[in-house]
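Student: One letter stands for each residue in the lines below.
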Amino acid sequence: MIEELRSLLGPEHVLTEPEDVVPYGFDGAAALKQRPAAVVFPADTGEVAGIVKLCRERRVPVVSRGSGTGLSGGSVPVAGGVVLCLQRMKRILAIDRRNLTMEVEAGVITQDIFAAADEAGLFYPPDPGSMKISTIGGNVAENSGGLRGLKYGVTRDYVMGMEVVLADGSTCWLGNKCVKDVAGYNLRDLFIGSEGTLGIVTRVLLKLLPKPAARQTLLATFEAMDTAAATVSAIIASPIIPCTLEFLDRRTIRCVEEFAKVGLPGDAEALLLVETDGHPAAVADEAARIEQLAREHGATTVARAADAEEAARLATARRSAFSALARIRPTTILEDVTVPRSELAGMIRFIEEVAARHQLEIATFGHFGDGNLHPTILTDERNAAEMHRVELALEEIFAQTMKLGGTITGEHGVGLAKKQALREQFDEASYRLLGMIKRTLDPDGLLNPGKIIEPVES
Amino acid sequence: MHCGMCLPDCPTYNETGRERNSPRGRIALMRGIADGELEASREFAGEMSYCLGCLACTSACPAGVDYAHLLESARAEVEDRGLLDTPWRRAVRAVTIHGLFLRPRLLRAAGRMLRLWQASGMQSASRRLGLVRLLPRPLREAEPLTPEIQARFSDERIEEITPARGGRRHRVLLLTGCVQDLVFSDVNQATAEVLAENGCEVVTPRTQDCCGSLHAHNGEIEAAKRLARRQLDAIDPESYDAIISNAGGCGSHLRHYDRLLAEEPQYRERAAAWSRRLRDIHEWLVEIGFRAPLDPAAAVRRVTYHESCHLCHGQGVSRQPRELLGALPGVELVESADATTCCGSAGIYNLTQPETATRLQQRKVGHLLDSGAEVIATANPGCHLQIGNGLREAGRQPRVVHPVVLLAEAYRRERERAPE
Ligand SMILES: Cc1cc2nc3c(=O)[nH]c(=O)nc-3n(C[C@H](O)[C@H](O)[C@H](O)COP(=O)(O)OP(=O)(O)OC[C@H]3O[C@@H](n4cnc5c(N)ncnc54)[C@H](O)[C@@H]3O)c2cc1C
Numbered sequence: 001m002i003e004e005l006r007s008l009l010g011p012e013h014v015l016t017e018p019e020d021v022v023p024y025g026f027d028g029a030a031a032l033k034q035r036p037a038a039v040v041f042p043a044d045t046g047e048v049a050g051i052v053k054l055c056r057e058r059r060v061p062v063v064s065r066g067s068g069t070g071l072s073g074g075s076v077p078v079a080g081g082v083v084l085c086l087q088r089m090k091r092i093l094a095i096d097r098r099n100l101t102m103e104v105e106a107g108v109i110t111q112d113i114f115a116a117a118d119e120a121g122l123f124y125p126p127d128p129g130s131m132k133i134s135t136i137g138g139n140v141a142e143n144s145g146g147l148r149g150l151k152y153g154v155t156r157d158y159v160m161g162m163e164v165v166l167a168d169g170s171t172c173w174l175g176n177k178c179v180k181d182v183a184g185y186n187l188r189d190l191f192i193g194s195e196g197t198l199g200i201v202t203r204v205l206l207k208l209l210p211k212p213a214a215r216q217t218l219l220a221t222f223e224a225m226d227t228a229a230a231t232v233s234a235i236i237a238s239p240i241i242p243c244t245l246e247f248l249d250r251r252t253i254r255c256v257e258e259f260a261k262v263g264l265p266g267d268a269e270a271l272l273l274v275e276t277d278g279h280p281a282a283v284a285d286e287a288a289r290i291e292q293l294a295r296e297h298g299a300t301t302v303a304r305a306a307d308a309e310e311a312a313r314l315a316t317a318r319r320s321a322f323s324a325l326a327r328i329r330p331t332t333i334l335e336d337v338t339v340p341r342s343e344l345a346g347m348i349r350f351i352e353e354v355a356a357r358h359q360l361e362i363a364t365f366g367h368f369g370d371g372n373l374h375p376t377i378l379t380d381e382r383n384a385a386e387m388h389r390v391e392l393a394l395e396e397i398f399a400q401t402m403k404l405g406g407t408i409t410g411e412h413g414v415g416l417a418k419k420q421a422l423r424e425q426f427d428e429a430s431y432r433l434l435g436m437i438k439r440t441l442d443p444d445g446l447l448n449p450g451k452i453i454e455p456v457e458s
Numbered sequence: 459m460h461c462g463m464c465l466p467d468c469p470t471y472n473e474t475g476r477e478r479n480s481p482r483g484r485i486a487l488m489r490g491i492a493d494g495e496l497e498a499s500r501e502f503a504g505e506m507s508y509c510l511g512c513l514a515c516t517s518a519c520p521a522g523v524d525y526a527h528l529l530e531s532a533r534a535e536v537e538d539r540g541l542l543d544t545p546w547r548r549a550v551r552a553v554t555i556h557g558l559f560l561r562p563r564l565l566r567a568a569g570r571m572l573r574l575w576q577a578s579g580m581q582s583a584s585r586r587l588g589l590v591r592l593l594p595r596p597l598r599e600a601e602p603l604t605p606e607i608q609a610r611f612s613d614e615r616i617e618e619i620t621p622a623r624g625g626r627r628h629r630v631l632l633l634t635g636c637v638q639d640l641v642f643s644d645v646n647q648a649t650a651e652v653l654a655e656n657g658c659e660v661v662t663p664r665t666q667d668c669c670g671s672l673h674a675h676n677g678e679i680e681a682a683k684r685l686a687r688r689q690l691d692a693i694d695p696e697s698y699d700a701i702i703s704n705a706g707g708c709g710s711h712l713r714h715y716d717r718l719l720a721e722e723p724q725y726r727e728r729a730a731a732w733s734r735r736l737r738d739i740h741e742w743l744v745e746i747g748f749r750a751p752l753d754p755a756a757a758v759r760r761v762t763y764h765e766s767c768h769l770c771h772g773q774g775v776s777r778q779p780r781e782l783l784g785a786l787p788g789v790e791l792v793e794s795a796d797a798t799t800c801c802g803s804a805g806i807y808n809l810t811q812p813e814t815a816t817r818l819q820q821r822k823v824g825h826l827l828d829s830g831a832e833v834i835a836t837a838n839p840g841c842h843l844q845i846g847n848g849l850r851e852a853g854r855q856p857r858v859v860h861p862v863v864l865l866a867e868a869y870r871r872e873r874e875r876a877p878e
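Heads up: the protein sequence lines correspond to chains Z and Y, in order.
According to our numbering, the stretch in the first sequence is residues 1 to 458, in order.
According to our numbering, the stretch in the second sequence is residues 459 to 878, in order.
Please keep in mind that the hints were generated in silico from the structure rather than gathered at the bench.
Don't be surprised by glycine CBs; every beta carbon is placed ideally from N, CA and C.
Wrong hints could be hidden among the right ones.
[What the hints assert, rightly or not] Stretches of chain Y that chain Z covers, calculated by requiring three or more beta carbons in the stretch to come under 8 Å of a beta carbon on chain Z:
{"id": "1", "stretch": "463-469"}
{"id": "2", "stretch": "499-511"}
{"id": "3", "stretch": "520-530"}
[Claimed, not checked] Pairs of lysine to any residue, SDA-like flavour, derived with a Cα cap of 20 Å:
{"id": "4", "chain 1": "Z", "residue 1": "K53", "chain 2": "Z", "residue 2": "P443"}
{"id": "5", "chain 1": "Z", "residue 1": "K151", "chain 2": "Z", "residue 2": "I240"}
{"id": "6", "chain 1": "Y", "residue 1": "K683", "chain 2": "Y", "residue 2": "A731"}
{"id": "7", "chain 1": "Z", "residue 1": "K90", "chain 2": "Z", "residue 2": "G161"}
{"id": "8", "chain 1": "Z", "residue 1": "K261", "chain 2": "Y", "residue 2": "V523"}
{"id": "9", "chain 1": "Z", "residue 1": "K151", "chain 2": "Z", "residue 2": "A281"}
{"id": "10", "chain 1": "Z", "residue 1": "K33", "chain 2": "Y", "residue 2": "I491"}
{"id": "11", "chain 1": "Y", "residue 1": "K683", "chain 2": "Y", "residue 2": "E722"}
{"id": "12", "chain 1": "Z", "residue 1": "K90", "chain 2": "Y", "residue 2": "T474"}
{"id": "13", "chain 1": "Z", "residue 1": "K33", "chain 2": "Y", "residue 2": "E497"}
{"id": "14", "chain 1": "Y", "residue 1": "K683", "chain 2": "Y", "residue 2": "G805"}
{"id": "15", "chain 1": "Z", "residue 1": "K33", "chain 2": "Y", "residue 2": "A492"}
{"id": "16", "chain 1": "Z", "residue 1": "K151", "chain 2": "Z", "residue 2": "V283"}
{"id": "17", "chain 1": "Z", "residue 1": "K33", "chain 2": "Y", "residue 2": "G494"}
{"id": "18", "chain 1": "Z", "residue 1": "K33", "chain 2": "Y", "residue 2": "R489"}
{"id": "19", "chain 1": "Z", "residue 1": "K90", "chain 2": "Z", "residue 2": "D118"}
{"id": "20", "chain 1": "Z", "residue 1": "K207", "chain 2": "Z", "residue 2": "D189"}
{"id": "21", "chain 1": "Z", "residue 1": "K261", "chain 2": "Y", "residue 2": "R780"}
{"id": "22", "chain 1": "Z", "residue 1": "K53", "chain 2": "Z", "residue 2": "P449"}
{"id": "23", "chain 1": "Z", "residue 1": "K90", "chain 2": "Y", "residue 2": "E473"}
{"id": "24", "chain 1": "Z", "residue 1": "K261", "chain 2": "Y", "residue 2": "D524"}
{"id": "25", "chain 1": "Z", "residue 1": "K261", "chain 2": "Y", "residue 2": "V744"}
{"id": "26", "chain 1": "Z", "residue 1": "K33", "chain 2": "Z", "residue 2": "P330"}
{"id": "27", "chain 1": "Z", "residue 1": "K33", "chain 2": "Y", "residue 2": "M488"}
{"id": "28", "chain 1": "Z", "residue 1": "K33", "chain 2": "Y", "residue 2": "E495"}
{"id": "29", "chain 1": "Z", "residue 1": "K261", "chain 2": "Y", "residue 2": "E781"}
{"id": "30", "chain 1": "Z", "residue 1": "K177", "chain 2": "Z", "residue 2": "A116"}
{"id": "31", "chain 1": "Z", "residue 1": "K90", "chain 2": "Y", "residue 2": "P466"}
Isolated chain Z, as found in the complex (with noise of 0.2 Å):
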């Protein structure tokens, strides 16, 4: 098999030494890894396919895999088992002024499509705090979102077309540069945050708009998180929509200044990282707006970007909070939850009293505006007793946001990390019919198995 692999892929894209494998046992997720036997580097679409026919023949579970910053486990090899990498598959093939779209290899890196984009005066907004790294085939099968959600959705939203690498090792191409469509199922989206169980993405067709003229920053601080949370109420229901509008809470805060050292204040209960863009005078106004309601609702300070510098650096900064958590303990645990925008405030405090009373250091920031929060435990795994409460914290957590009728995963995806708790949030229909689907597109389950839902038994 591995000489198989060799002969199609070429000996030095085909890696299994121990010291060669054990790098790409994990991937963002804390405390999830396993060894693979082979880690292959297809250059194209066809040698894809052909590692998928080879697989399939001998039994071998594939686990695609971008740049390895997916947070629930999903590109997590399987004992034994390839990881398809489709790093080296990152050409950008076409940018369509008239229809505005771009098409790219899977293994594109997001920043890079934002700055393609930008270079030919257009914009893609989906920006997830790992952009840098993150490649697009990634994004696309965790459907992720970023810091722009608010007002430009998600990675879905972004995704008109995809050619993918089915179980069979066949390859068919979904969606095309129509803005409407609706010939047969909407199999696109099945793909889209199908976190490799279903296909292996090799392109995507990416749709793209025009760069927003203006754009404004703003940096409100506040003494308490009721007061963030009731800020935000107030904008949305302005109603404003803004680009962005972040939080941060005291701890996070703390962290992120200490790495990135933008001038975050560090006596502030909590900040919102507001951006508004368009025109440059719907800009102004509601630039206006957002900071007279921050005030009105007790802002303690509201600050503005003196220049797109700044408000990138600022925006470079939150991107940077997750990692930079890890400067207080050794292990993060990092959770996704999202309710109703009504019920923010209700669970911010919820999250509060779980953290004192499991005696757990918990920081919380997210992208507030989606009702998405990430509750962050900081914790140590080798501290058994901590993590014991560590996990009825969590289902506590879990419990509460099914409760106020959220899910359990905004965007990270469920991979290994939320299976169980996916189990629980799902009905008794809903979750026979996601093993239903995963059986008919993968009936030998070796698309990334155990990922999602148990693995299929045959």
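Use these hints to put chain Y with the ligand onto chain Z, whose structure you have.
Tutor: Same frame as chain Z, but now just chain Y with the ligand:
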């Protein structure tokens, strides 16, 4: 934390695209060994030496992972176990790390011999005659990299005590380094001058030991400790307001004497006092508010600044050299692409990993030339030589110079125009 935010900043990862050649991958290997899941193999050892140790990952890491320390420990383990041991490597290390760089007088003597060899025309003659071809391969390949030795070493150019000009405000100690002393004693002289010009009395001990950075970065922690102890025996940090280093690579090690000797009760406090006072020259000049030289008639020059990895990533000193350059009369400071990316010198990397080093060198030189600068300022002897060699190969001759030398020249011109 293994989020991967360091990956795009790692030069070796960008070379190969392989996780094992990235900080995250290397840490995974170290951890695999610590957890007993992997053996400390030759492969592992090779990976540790493939790392440039440029610490770009450290600047990129939001989590504050102390990669420098992890790498030093891993390299020490590699040496302890003799994983890369070969007779040739052992011989080279015996002469350099365990020989010359432990014995300052011997190093200077060797430097004098090399100087004689170069000044007598023997070097160019032997190059012309192709005699270098008779050398064993590793030496032959390294021969063109031999730096030109200065006619006078630091102690021949700098008095033991340089008095402050215009009233003493600070008393500082100047570290002259090893390579800096032999190859760039003019930088040391300039450092003493600009310090004096800014109210510092400068003490420059005659014979100084190697700081041990070469040893620590190459897995010889015990030798590094020995050198640090010697340094502290010879120099009482409490007698100075600051201890000045002007070489990025040395400074980033010198700053950490506190950690290096943390377990040694007799030295712990002194080492802590040392680390508190240790300053890079640019950092110190900005801290004390250095005086901008005046020269209304200065010709306009385009200057670009290449950041030494161990100065910007290792010590976090990045703004100050630019402030210094920006204050020079006639200087138009231009940025070059990837100014904080390694030039491939990386200590002795250009000797241990010549291929990667050469690629990084070529890329660096390309970026520097693209900036259109006539002067390339950089503050580490390794970078200075690497860029100088790279430019020579490209057949181009912008001047490569330490920022402090430019500052000293500006003060000198000022003095010449307005004699006291
Ligand atoms: C610091 C940090 C910040 C982050 N911020 C955000 C954020 O703001 N919003 C957000 O949504 N996420 C965020 N993430 C999570 C993560 O970056 C995203 O999920 C990202 O899309 C993963 O991309 P990747 O290339 O690293 O994919 P990987 O981690 O390699 O893979 C993720 C999943 O996708 C599958 N996959 C990968 N490529 C393909 C393919 N070509 N075809 C089929 N399946 C594939 C894998 O099997 C796996 O299940 C963040 C992560 C980090 C570390």
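Student: Taking the hints in turn, state whether each one holds.
Tutor: Verification of the hints:
Under a criterion of three residues with beta carbons nearer than 8 Å to beta carbons of chain Z, the stated coverage of the stretch 463-469 of chain Y is upheld, 3 such residues being counted. Coverage of the stretch 499-511 of chain Y by chain Z holds. Counting CB-CB distances below 8 Å, 4 residues qualify, and the rule asks for three or more. Using a Cβ-Cβ cut-off of 8 Å, 4 residues of the stretch 520-530 of chain Y lie near chain Z, which meets the minimum of three, so the contact claim holds. Between K53(Z) and P443(Z) the alpha-carbon distance is near 14 Å, which keeps this suggested pair within the 20 Å criterion.
Note on K151(Z) and I240(Z): the hinted pairing holds, with a Cα-Cα distance of about 10 Å set against a maximum of 20 Å. The straight-line distance between the Cα atoms of K683(Y) and A731(Y) is roughly 16 Å, inside the 20 Å bound, and the hint therefore holds. Our distance criterion of 20 Å between C-alpha atoms is met by K90(Z) and G161(Z), whose separation comes to about 17 Å. The hinted pair formed by K261(Z) and V523(Y) meets the criterion: a straight-line CA distance of about 17 Å does not exceed 20 Å.
Straight-line distance between C-alpha atoms of K151(Z) and A281(Z) comes to about 18 Å, which keeps the hinted pair within the 20 Å bound. The straight-line distance between the Cα atoms of K33(Z) and I491(Y) is roughly 15 Å, inside the 20 Å bound, and the hint therefore holds. Taken as a hint, the K683(Y) and E722(Y) pair is honoured in the structure, with Cα atoms around 10 Å apart against an allowance of 20 Å. A distance of roughly 14 Å separates the Cα atoms of K90(Z) and T474(Y); the hinted pair therefore holds under the 20 Å criterion.
The straight-line distance between the Cα atoms of K33(Z) and E497(Y) is roughly 18 Å, inside the 20 Å bound, and the hint therefore holds. This hinted pair checks out: K683(Y) and G805(Y) have alpha carbons roughly 18 Å apart, not beyond 20 Å. Using a Cα cut-off of 20 Å, the hinted pair K33(Z) and A492(Y) holds, with the two alpha carbons roughly 15 Å apart. Taken as a hint, the K151(Z) and V283(Z) pair is honoured in the structure, with Cα atoms around 13 Å apart against an allowance of 20 Å.
Distance check on the hinted pair: K33(Z) and G494(Y) sit about 14 Å apart at the alpha-carbon level, within 20 Å; holds. Distance check on the hinted pair: K33(Z) and R489(Y) sit about 12 Å apart at the alpha-carbon level, within 20 Å; holds. Restraint check for K90(Z) and D118(Z): the C-alpha separation of about 18 Å stays at or below 20 Å, so the hint holds. With a C-alpha separation of about 14 Å, the suggested pair K207(Z) and D189(Z) falls inside the 20 Å cut-off, and the hint holds.
Straight-line distance between C-alpha atoms of K261(Z) and R780(Y) comes to about 19 Å, which keeps the hinted pair within the 20 Å bound. This hinted pair checks out: K53(Z) and P449(Z) have alpha carbons roughly 16 Å apart, not beyond 20 Å. The hinted pair formed by K90(Z) and E473(Y) meets the criterion: a straight-line CA distance of about 15 Å does not exceed 20 Å. The straight-line distance between the Cα atoms of K261(Z) and D524(Y) is roughly 18 Å, inside the 20 Å bound, and the hint therefore holds.
The suggested pairing of K261(Z) with V744(Y) holds, with an alpha-carbon distance near 19 Å, which does not exceed 20 Å. Distance hint between K33(Z) and P330(Z) is fulfilled; the C-alpha atoms sit about 17 Å from each other, no more than 20 Å. At most 20 Å may separate the alpha-carbon atoms for a hinted pair to count; K33(Z) and M488(Y) meet this at roughly 15 Å. The suggested pairing of K33(Z) with E495(Y) holds, with an alpha-carbon distance near 12 Å, which does not exceed 20 Å.
About 19 Å separates the Cα atoms of K261(Z) and E781(Y), which keeps this hinted pair within 20 Å; it holds. Of the supplied pair hints, the one linking K177(Z) and A116(Z) holds, its CA atoms being roughly 19 Å apart against a limit of 20 Å. With a C-alpha separation of about 14 Å, the suggested pairing of K90(Z) with P466(Y) holds against the 20 Å cut-off.
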